[in-house]
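Chemist: Here's the letter readout for the chains.
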Amino acid sequence: MMNATILKIQKLCCGYPKFQLSEISMDIPKGSFAGIIGPNGSGKTTLFRAITGTLNITSGKILLGDKDLQSFSPRLKAQNIAIVSQFTEAGEISVEDYVMMGRIPYQSRFSFFESDEDSRIARMYMEMTDIFRFKDQLMSELSGGEQQLAAIARALTQQPQLLLLDEPTSHLDITHQVHILNVLQQLNQEMGLSILMVIHDLNLASEYCDQLILVNQGKIHTQGTPVEVLTFQNIEDVYKTVVVTQSNPLSGKPAIFLATQKVLKEIQVKFGQSVK
Amino acid sequence: MQKKYLHWTFYLAGLLILLLASVLLSLSVGEMNLGFTDILNILRHGNNGMEYTILSQIRFPRVVLGIAVGGALSLSGMLLQGVYRNPLVEPYTLGISGGASLGVAFAIVFGLHQLIGSFVLPFAGFTGAFLIIFLVYTFSSRSGRINIQSMLLTGVMISFIASSSMMLLMSTTSSENLHGIIFWIMGSLDEPDMSLISVTLVLALGSLLVSYFFVQPLNALRLGEEKAKHLGINTDTTIKILFLLASLLAGVCVAVAGVIGFVGLIIPHLMRMLVGSDYRILLVSSFVSGSIFLVLSDVIARTIISPNELPIGVITGIVGGIIFLLLMSRSSLRSKENHG
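Heads up: the sequence lines are chains A and B, in that order. Using numbering that gives the first Met the number 0, you'd call the opening residue of the first sequence number 0 and step up by one each time. Using numbering that gives the first Met the number 0, you'd call the opening residue of the second sequence number 0 and step up by one each time.
Some hints could be false.
[What the hints assert, rightly or not] The calculated DSS-like cross-link candidates involving lysine-lysine, where the alpha carbons are at most 25 Å apart (straight line), are:
1. Lys134(A) - Lys3(B)
2. Lys60(A) - Lys17(A)
3. Lys29(A) - Lys7(A)
4. Lys134(A) - Lys2(B)
[Claimed, not checked] Negatives, chain A to chain B, calculated, CB over 10 Å:
5. Thr53
6. Asp65
7. Ser70
8. Met127
9. Phe131
10. Gln245
11. Leu257
[To be verified] Here are the computed distance ranges between Cβ atoms for each label pair:
12. Ser139(A) - Leu39(B): 47 to 53 Å
13. Ser139(A) - Tyr4(B): 20 to 26 Å
14. Leu249(A) - Leu11(B): 17 to 23 Å
15. Asn202(A) - Leu208(B): 55 to 61 Å
16. Ser139(A) - Leu42(B): 46 to 52 Å
17. Gly223(A) - Tyr4(B): 48 to 54 Å
18. Leu243(B) - Glu91(A): 45 to 51 Å
19. Gln158(A) - Leu243(B): 31 to 37 Å
20. Ser142(A) - Lys2(B): 21 to 27 Å
Just so you know, these hints were derived from the structure itself, not from any lab. Every value quoted in this text rests on a predicted model; they were computed, and no experiment measured them. Yeah, the Cβ is synthetic: ideal placement off N, Cα and C, and Gly gets one too.
Could you put together the complete structure from these sequences and hints?
Modeler: So, in structure tokens, the structure goes:
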């Protein structure tokens, strides 16, 4: 396993008047593809916002490598951490201009024209995410999935050490979900890019992530590999839903099956009282 | 990438030629029409009688003020729309015109302009505008951070209070003062003081220059405040400085030329339709187009019922509004065809 940590969180407390994260500690190894999972209102997004710096932290520390993230200037932070949100909302901006915005953290305030280097980097990542063919179209003309790919290309153009994603696929169909996650997986495998994403879908989290952090009621419930975290006990405990977990025959990763009320009743009838 | 810069150069050159044409038109048209060659002759030979006086004392100052005020109002609107990410914001939405009008009404009602001198009116207007800006700013900033949504609402509310207070002043004053107030509010490029005109022009051009230091944050803010922050932009400082800059511009314009509406709303919109959303070209093209628009509006205002003059605000509102509606309906038609 890799030893170096890319992101280390120590006893982090933060939040809003009505919701607090308490004493969150976790380590994300360098080069890992980590996922934050948990029910609605569990604190996933709050944790994410604390890491991105949108939310001020009350106590504790967030370290990038071995440096305190609070000591980073906004610019330096943007050179090291790139963020992809759920929606891009870029509107009337051409795809190329949008991706090029990833160079802002490297440009001097007075640089008026993009350098050839900027253009080269933006082009490279547009090609990597397969959106170069849309470069002259407006962002608003792209589909949701294509917009998300553009957002990833923009984030890569920042050439970060760590890529943070907030439910990047939650509003997409399965084709686009898998496509985007495959792109991320490829980046993780081939470039060694460290990725941390908030993700709702447990099966997708299981398939793609090598590290999972299960958050519940403002605390970390369990963290570890998908096999360690996605047990039916953990899921029933946190999500209050009856599930069955088995291995995906293709990948060996845990796969989660739901039990509907109707099915549960039928089983009860079939087996008498032997099933809880 | 190179193609984009070529387009920008093309648009900017086109607008500058249009501006030159509008200036020439404005210099030549009036109670006494002068041909372009006449103007050149008069300028070359210097002081020779009445034509020179008309040109240098009456028309030239108007044109300069038109360029300065039109450019400044349009730039101010562009900056505010960029900061608020709201296409309906214009310099006057935030109560700047209301404050200036109130200041002027106050000065007229209490006879300050007769007591001290006529320069007191622009001064009172400017003070009124800045008092309002200060109020809006303090009401919407908490612990060093500005909440731009609440700022907008605060601005609209304070604007209402200012205009109602002005109504109060107007309803209790003599009809002579009333006439003075209304005349001032309606706006005009007729400003006799050349030094005031120069100050306005220098300020307008200076602000255009300063705004270019913020072109990168403005471009990033197109994605929203949070995403701009993620790109390393110090959004709080940017928003504060640009708000103050835009307010200063609008405040000075209202103080010098009265309330000239719509320029700060329409021109930025038109420019977005024409040149796209990149602030590198938007800022300067808005400025130049605002100048063109106001210089031409002034030509219409002073020729259409010659020898009398219409308030320029009337022209900018009616002409600008109609042109805008036409363009909007055409562009929505075109997008329907594209999607149909």
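Chemist: Looking back at the numbered hints, which does the structure fail to meet, lowest number first?
Modeler: Hint check: 5, 14, 18 fail, others pass.
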